[in-house]
Amino acid sequence: MTVWESMREFLSEPSTWSGPDSIWVRLGEHIAVSVAAVVIAGILVLPLAVWLGHIRKGSAIATAVVNIGRAVPSFGVLAIAFLIFVQIGAGIGEPWPVLVALIALAAPPMFTNTIAGIQTVEPTTLESARGMGLTEREVLTGVELPLSMPLIMEGVRIAFVQVIATATLGALVAWGGLGRFIVDGFAQQDVGELIVGAILVGMLAIAAELGLSATQRATTPRGLRVGR
Amino acid sequence: MMAQASPLIDWQWIWRNMGEILDRTWQHLSLTAVSVALGLVISLGLTAVVLRWRRTYTPITWVTGLLYTIPSLALFALLVPIVGLNATNAVIALTSYTLLIIIRNMVAGINGVPEPVLEAADGMGYTRRARFWRMEIPLALPVIIAGLRIATVTTVGLVTVTAVLGLGGYGYFILRGLNTFFWTQILVGVTLSVVLATILDLAFIWLQSALSPWARSPK
Amino acid sequence: MRKAFRFRAVGAILSLALLATACGSGDGATEGEPIKVASFNFNESVIVAEIYAQGLEANGYAIERRMNLGAREVVKPALESGEIDLVPEYTGTVAGFLEVEQSADPQTTWEAARDAYSELGVTLLAFSPAQDKNAYVVTAETASEFGLENVSDLQPVAGEMIFGGPPECPARPLCLQGLEDVYGLEFSEFKALDVAGPITIAALEGGEIDVALLFSTQGIIAANGWVSLADDKGLNPAENLVPAIRTEVVEAYGDELVALLDSYSEALTTEDLTELNKRADLDQEDPAVLAGEWLAEHGFVE
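Chains as they are written, first to last, in the numbering used here: chain A, 2 to 229; chain B, 1170 to 1388; chain C, 104 to 405.
Rather than coming from a laboratory, the hints here were simulated on the basis of the structure. If you're wondering where the values come from, they're calculated on a predicted model, not measured in any experiment. Accuracy of the hints is not assured; some may be wrong.
What the hints assert, rightly or not - Not close to chain A: a few residues of chain B, all C-beta gaps over 12 Å, as computed:
#1 G1188
#2 L1247
#3 A1277
#4 T1296
#5 M1304
#6 P1307
#7 S1378
#8 L1380
#9 P1382
Unchecked claim - Here chain B is said to cover these stretches of chain A; the calculated rule only asks that three of the stretch's residues, wherever they fall, bring their Cβ under 8 Å from a Cβ of chain B:
#10 107-115
#11 187-201
Think of the CB as a built atom: it goes at the ideal place given N, C-alpha and C, for glycine as much as any other residue.
All chains, full assembly: derive it from the sequences and hints.
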């Protein structure tokens, strides 16, 4: 059977489109966990990063965090999280271990880019803002945040795309997501299933990349936009 | 009786398996080194192309970016019927993941070389090739090394996933630990992976500093 | 100028490293080349593969290990292509994969498998009396609730049950595919877990699945009071452990190698496997250590 035929066969199976192992279910699981991870990671690190950037104290920490984050293998974090959750009886097949591992993956780039972003705002700009009578809070929300949006959004974008790709590993710890098609396709030597899974993840990642790039551009204050 | 996991660290196991740990260290290092080296070589070639024909930058970034979005698990699995269940499979996939990072940094680094310097080189009669190897690359070095650094640390993490091919380096311990609920193996695998990544990271920081004394700034 | 030189030096070193690692993966076994011993991705396979590996090492053979390689879908091609040389196999499943006759009789099954495999360049040596078959396991509660003793008792209730097994299960004739074809079982859901490992065990314990695929030699079944449903329609053929080794390697090393492996096969019993599995699964003992102890107990090593 050729690759093409295998793909067609997989796509023509009813179980691919309805039921617990369908594309919709896996896609939903994958998106849900990815979005949740990025959002939670954002809630956890963005306030701190904004504050550190604001008081201009974050550079060294930012660099260290992103370095450590990159050095820790997601597969390892996933395995550890999985064992912990099994031990506390959280159930096989639940998304918690995957969520934990993905939060750990998403946090560093968002943290670092946010600090860097806030710190790119020129001190003179801030002085003028203060000079015009803006309170510290207004300086932050009215000047620093809008101006650092490009870099902050870039951090979110990087995080999101990495999370989508890495969520596939969840299939190695009895979870679902699109990785399920990859792992099962590999195990059952069903090339069609494998490729469909890979393509779906790729498409999801590209969609996220494009969507967030557009958001990045949209949230860039007009004055900062590079002419397109 | 519950299928409970073992106690946290079994030092005896570590002691007994030092040989395996060393073997896996070598495996992890060589998979990383070969992939990054290969990625560097390919990136050099592609960068030369980009510099010569500027319009190729977008398609090249597009292709390497596309490779980057293919989840590693899928790429390893897809290569099995093509190259088999071996290191070649792992290296091909790992190398493709380094390309986007290295090329992007290489091009950015070279673009950052000041115009006057290039003009001076032309003025002195350098051929395009000589200018590339003797001016552009050396001056772009800090940024290139930064790219290599990121690529290397990222690759160290990805090597763990090659455990699904029966390789894995330290990832072998992570996978085995997962198959047997054995904490020691998982922790050993993760810790050593982090240590290796950190050592290589620091090595690159040092290299960056050593190769570009003019770029060292008191930060 | 110095920078360019540094470049060339680094380049040279890297090319050498590349060559070194590339040369490391040679193929074709000849005297002197290490024998690549592999196992599937479950404890019993690792234990038996370690028995082969350590036993041979004690007799001066150079061994390269590739344990926990994966499922048969992945290991079989690796064996046929020479990626690995020796792996502990199961006669019935091999016969099934090679699409030849499988029966409950060990000898017939082995002969059919051996003949078919030899055409692919793989030799099946003498088979062991030890057998390990797929087991379809439910908890004691489930068994009493639905009155389950045989696999065919599942027929009326399978639609309300969740089946848990390794990812390759749905495509396997001795797993879901066979259960459907031979027993007419259609479960409400299949959960991909691991190969009769702690994840599957935990899932059965925790009630995430109702029926688990385990192995008949896993002591944990009895230890937990679980019920291994009887294979009343005889889905599972004989599954004797047998060393599958590349014919090239046998020819290169000759009778001494074969005699050694035969001696291990002969000494291995189903009770041994059950005991070893129990210690690996329940007591978390190291498969490699267990293999060494078994070899010592039977006088194969010091």
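**Q.** Hint check, failures only
**A.** The structure conflicts with hints 2, 10, although it agrees with all the remaining ones.
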